[in-house]
Structure formats: structure tokens, C-alpha cells
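There are 2 protein chains.
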Amino acid sequence: MPQQIFSYQQLFDFSKIIFQKIGCSEADAELATKVLLSADLRGVDSHGVARLGGYVRLWEVKRVNTTAAIKIIHETPSTAVVDGDSGLGLVIAPFAMQVAIDKAKNVGTGWVAVQNSNHFGIAGYHAMMALEHDMIGIAFTNASPLVAPTFSVERLLGTNPICVVIPAGKEPPFVADLATTTAANGKLEILQRKGGLAPLGWVQTKEGNSSTDPHELKAGGALLPLGGDREHGSHKGYALGAIVDIFSAVLSGANYGPWVPPFPAYLPMPDEQPGKGIGHFFGAMRIDAFRPADDFKLHMDKWIKRFRRAKTVASEERVLIPGDPEREMETERMKNGIPLLKPVIEDLKFLGGKFGVVF
Amino acid sequence: MPQQIFSYQQLFDFSKIIFQKIGCSEADAELATKVLLSADLRGVDSHGVARLGGYVRLWEVKRVNTTAAIKIIHETPSTAVVDGDSGLGLVIAPFAMQVAIDKAKNVGTGWVAVQNSNHFGIAGYHAMMALEHDMIGIAFTNASPLVAPTFSVERLLGTNPICVVIPAGKEPPFVADLATTTAANGKLEILQRKGGLAPLGWVQTKEGNSSTDPHELKAGGALLPLGGDREHGSHKGYALGAIVDIFSAVLSGANYGPWVPPFPAYLPMPDEQPGKGIGHFFGAMRIDAFRPADDFKLHMDKWIKRFRRAKTVASEERVLIPGDPEREMETERMKNGIPLLKPVIEDLKFLGGKFGVVF
Chain A
1 MPQQIFSYQQ LFDFSKIIFQ KIGCSEADAE LATKVLLSAD LRGVDSHGVA RLGGYVRLWE
61 VKRVNTTAAI KIIHETPSTA VVDGDSGLGL VIAPFAMQVA IDKAKNVGTG WVAVQNSNHF
121 GIAGYHAMMA LEHDMIGIAF TNASPLVAPT FSVERLLGTN PICVVIPAGK EPPFVADLAT
181 TTAANGKLEI LQRKGGLAPL GWVQTKEGNS STDPHELKAG GALLPLGGDR EHGSHKGYAL
241 GAIVDIFSAV LSGANYGPWV PPFPAYLPMP DEQPGKGIGH FFGAMRIDAF RPADDFKLHM
301 DKWIKRFRRA KTVASEERVL IPGDPEREME TERMKNGIPL LKPVIEDLKF LGGKFGVVF
Chain B
1 MPQQIFSYQQ LFDFSKIIFQ KIGCSEADAE LATKVLLSAD LRGVDSHGVA RLGGYVRLWE
61 VKRVNTTAAI KIIHETPSTA VVDGDSGLGL VIAPFAMQVA IDKAKNVGTG WVAVQNSNHF
121 GIAGYHAMMA LEHDMIGIAF TNASPLVAPT FSVERLLGTN PICVVIPAGK EPPFVADLAT
181 TTAANGKLEI LQRKGGLAPL GWVQTKEGNS STDPHELKAG GALLPLGGDR EHGSHKGYAL
241 GAIVDIFSAV LSGANYGPWV PPFPAYLPMP DEQPGKGIGH FFGAMRIDAF RPADDFKLHM
301 DKWIKRFRRA KTVASEERVL IPGDPEREME TERMKNGIPL LKPVIEDLKF LGGKFGVVF
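Line order of the protein sequences matches chains A and B. Positions 1 to 359 (my numbering) are the ones given, in order, by the first sequence. Positions 1 to 359 (my numbering) are the ones given, in order, by the second sequence.
One or more of the hints may lead you astray.
Because identical chains cannot be distinguished in the list, a pair is counted as satisfied if it fits within a single copy or across any two copies.
Below, computed lysine-lysine pairings styled on DSSO-like, alpha-carbon distance capped at 30 Å [unchecked claim]:
id: 1; residue 1: Lys-354; residue 2: Lys-34
id: 2; residue 1: Lys-71; residue 2: Lys-105
id: 3; residue 1: Lys-34; residue 2: Lys-170
id: 4; residue 1: Lys-187; residue 2: Lys-311
Since the hints were made in silico from the structure, they are not lab data.
Chain A with its partners taken away, still in its complex shape (with noise of 0.2 Å):
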């Protein structure tokens, strides 16, 4: 597949300027920036610039208020509801998972819900904020629905990820950023494109038979929770993707379920809305609420060379780290480039022409 290398730099410059095109303050449009193309130096390209034309098209029919009023609706010493007033959600992910931070501050945790707002990017930035004041990190969001729950024929629920990141001492900190399905849908958009086959096991058809055609889900088809199918625990991922669904939404008053309004600016809203926008769920635990940091660390450390050195199966060569091929992609790109696939350079100069600021 044709594709071209971008210094993050230029891609910063470009989507910010747009960002500040469509309303948004120059911190905000910063901001917005720097969660987006996290998501490009860490590898998760299905997340990052390649997505800058969806919120832009999202904003052109009015879902995203890009001069929010983010505020606080409810809170207790440990807990907030943040009220995200349609705004970006690469915007309102970090001001909530701030909250937390200072929450976790006082009274040792902080646990914030978030309602009325849109994709906020990467899991992995807004939690990996909890590191440097020496806390665990964690995020959900919902979206809208792609996913069979366990004998369902009907998509139900989003790729709902959960990211945890906790931090170590020498060792880089451990982060894990999942979806709750056997594959996410950025993997299967790969073989779309592609057009190769999908493993069984990610994408069941519409009629609810495990398939390998990666183009199922226009076909009313669904992703398969992760697990696959029951007898390989699909109930659990399930079970891992509802909990995501619940705390993000049912928690903070926004949509869930069903009826999670879809990113592409070009399908119609659910016919009903039982909540506001989309939801989030954001946590912060400082360590030394547990035990003293240091200690914390050097057992972390332990940990991670202990699994870091196991014995590996004959075609590996070692057992990962969750976090570490991402830190490996972004440390690569940041000195090396972001590779852009012809189509997604297309958008964004169409994007460019549209503002008259050139890509």
C-alpha cells in the first residue's frame, strides 16, 4: 500500500491550525493535537490524523461544540460527574482525567464519569497523565455499537477499551490499552483494505456465524467480544465490554448501548437518546495511598524483568511488556516519521483546501 513519510511536526502544525479553523482556542486546538497524533506515534493509526476530517465533519453538522463549557455537574471527595457539553472529547478526556488527578491528590483516588461528548482518541494518553504524579492511570470509553454481545445477532455494544497504566521505577511503566473485542476494528479496516481474510473468530455474520470476510459489518455482520465465541469466552469479553459501557455511560447520564451516536458525521443519529453524547470513565489511584512509592517501584521493577525473561516459545523470541511495542513505535516515529497511506493524505489535503492552509 502507497504511502508517505510525515515528520510529527508538520502533522502538528497542520492539525492544529485546523483545530483553530473550526472554532477551537489555540490551547484547546494544541491540545486536541497532541492526543490525536499520540495516537499516531504510538502505531495506533486507525486513531490518530487519519480520524482529523471525521471530527471536522462532525462539527460541520453541528455535534461538536468546539467552545465548550466543560464543568463539573456533580462531585464528592473521591468522585465527578464532568459534563462535556459536546465538545471534542480529545478536549474533555484530559480536563477530566485532571479532575481525578487532583481528586486522587486529597483523598488517596479520584473516579470521574463524563457525559455529552465525542471520541476522545487514544485510552493510553488521558490515562498515561496519572504517571508523573506517581499514580495509576485508568480509562474507559463507549461507541457506538459494533459488537454481538454472546449469541446475539445484533450489535450492541462499541470496541469499549480499557487502558491501565501503571508506573514502575527503571522500567518503563506498564500500560494496556485494549479493546474488548478479539480484534479492533482498525485491525479489521487493514485487511480491508488490503483485502485479505480475517482470522475466525473477529467477525460473525449477520446472521451470527463466525466468518473470515473482514467487510462483514456492512454486510450486518458484527466484531466478536474478546473470547470469539462462547466456548473460548467470548461472555467474558462481553461481560469486560458491558462494564465499559456502564461505568462511561449508565454512570455519567450518556448514551449507551445501542444507541451511542455513530463518529462518521454521515449516519443518522439513534432514533432515541437516553443519555447525552458519548461516555467516559476515568480513575486515578496515587501509590503511596497503598505504600510508599519507591517501594511500589522496585517491586514493579521485579515484576516486569521477571516476565520480561521468561522462557519463550521456539518462534519468539521474548514475552512483552503490555505497552511496549507502542513505546517502541512512538520512540521509532518521533525520530524516523509518521507513515500516511495515500487515502488518508487525500483527506487531509481536501481538508486543507477546504480551510485554504496547505498540507
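Got chain A sorted already, so can you dock chain B onto it with the hints?
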């Protein structure tokens, strides 16, 4: 497989006396029995009265202290660390969960990490303590290593369950209680007894190849993380099991990874112990720390009803809500009794003989 039915009360009376015979106070013996038998009632036979002899044997080798002084050794307004003093996990866990609930009453949420404990029975019992307080309940525990991380041939994690319990209104609560493996060890034990084959993706050989032989663990093989293999997301199951291990043990000061003590008393202790005993982690979140409990419950009922009435694949009659099968089993067994297999009955008779109690 031959089995015999016993009433809840019969098993309760016997188990309570045995716990008293090994030194528990009457209150602790009743509590431990209640926790243990909740597994039998809910159909998790591997974690119920079948393990009574196992606890006794741990006490015989002085690895369980039945007069433990369980205490809080560190706390903040929303967190605590509990030292279980090598007591019965069946008694330590409800103590720690109660601390989490009390903290949630004060500051919205409570989070308690536990060190120096033993096997705590089923996670569901403890997390469900939150329900009567209109709280979400969470329970994790680590366990001795049976699971190989993705690409590892070494067993470095336990089956490390995640339990999340969410109250509803007129609908029964949402109760997810899942081992972070493709299949729980109990399911493998059933196949071992029956002589059946395991589906591929449950276990691997000592070389790390997927196998259908349920006896692989005895030959140096391992259980597989939820997902089964890398292509089907086993790195996600591995990450989830790792999170449970770190929250339960690195945060609390218990043993983690390959150093978690085994449940069977005849197995040697790990040659190194970076912490004390096994670890648990509990959480309680007051619903009205986020939104009025009645609002939340209305929406949970709507969520549950929508998922329950989802259109199903042709072979199935209904989409289940996490907790449905266990709740139905509990009603049935409380009424009609609990079936025990012959080897379990024989072990209980042997135990009775040892302490002069008729079973």
C-alpha cells in the same frame, strides 16, 4: 459421574463445625462457611465445599492462621491496605470489602488492597456485599501461577479473576465474575475427571503448543489467557491477568507473578517470596456519588432489558446478562439441594472422621 444431593443446611452445619474445629471463632466459622457455600449455590463447584479439606490441610501445615488479627496497616480517606495475618481469605475478604464500603460511604468510593491472605473463595460473594448499599462492587485476587503469558512457556500468572457487580432497579443486578483465562481451571478439572478433550485455546503443552489434552498442566503445560493465542487477542487476557496481579499484590505488598503460594498444602512454597501471602483488591463506588441512585437504576433496567431482548443466533433462545446463570442456579440449589461428586463426599467423610464429626 455418580453424585449425591445435600441440602444447603446440611453442608452449612458440617462446614461450620469443621472451621470451628480448626480454631475459628463461631462468627468466623459461619462467615467462612457462608462464603464457601455461596460458590456451591452459584454452581462454581470448584470453589465451594470441595475445597474445605484444602483449607484444613493448609491449617495443618501452619499456612493458615485461624485466629488471625486482621488489621488496616495504611489508609487514606478513599484507600486502605489490610494485613490478613495469614488468616483465611474467606474471612479476610469480607473484612476488607467492608472497609471499602465504609470509605465509599464517607468519600464516594473505597479501594482496599490486601496482603498476607489465602484463597478467598469466589470473588462474587465479596463484590456483591456492595449491592445492599447501592454501590458498585469490585473484587480481584491473584492466585498461584497456572497461566502462561502470550509467547511464554513459563506459568507466571494465576487465573486471576475480575469481578464487577452493578446494582439495578427491578431487574436483578449485573454480576460479572470471570477468570482472565479462556477457561477456568475448574472446567479443565471436569474434563480431567470425565476423560474428555479440551477445545484448542484452553491449554498449551510445556513447549507452548496449543493442546486438547486436559492433563497438560501436570506435564508442565499451562492455561492460556483469555483470547487463547496472539491472533485472537491472548495479549489482552494476559494484560488483564497482569493488572489483577499488580493491583492485588504489588500495590498491597503480597506475593505476585510466579511467587504466589499454591493452594494445595502438599506443594512446596516458592523458593523466593517478595511479599506476604496472596493478595486481593476490592472496590466500592457509591452510585449517588455520580448520579441519583434511582435514575441510575432506571437506566440499568433499560440497559438490561434491551440486552436481554436482543435478537439471537438461530441456535440460542436468549442473550444472557452476566450473573443470570449463577442466580438461576442459586435459586434451584437452595430449593433442591447441592449435588456433590463421590470424591468430594469421600474427602468430607475423611475430614469428619479426623475431627469426630459425622458427615
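Hints, verified against the model:
no. : hint              : in the structure
1   : Lys-354 / Lys-34  : within (22 Å within a copy, 68 Å between copies)
2   : Lys-71 / Lys-105  : both (20 Å within a copy, 24 Å between copies)
3   : Lys-34 / Lys-170  : within (26 Å within a copy, 45 Å between copies)
4   : Lys-187 / Lys-311 : both (29 Å within a copy, 27 Å between copies)
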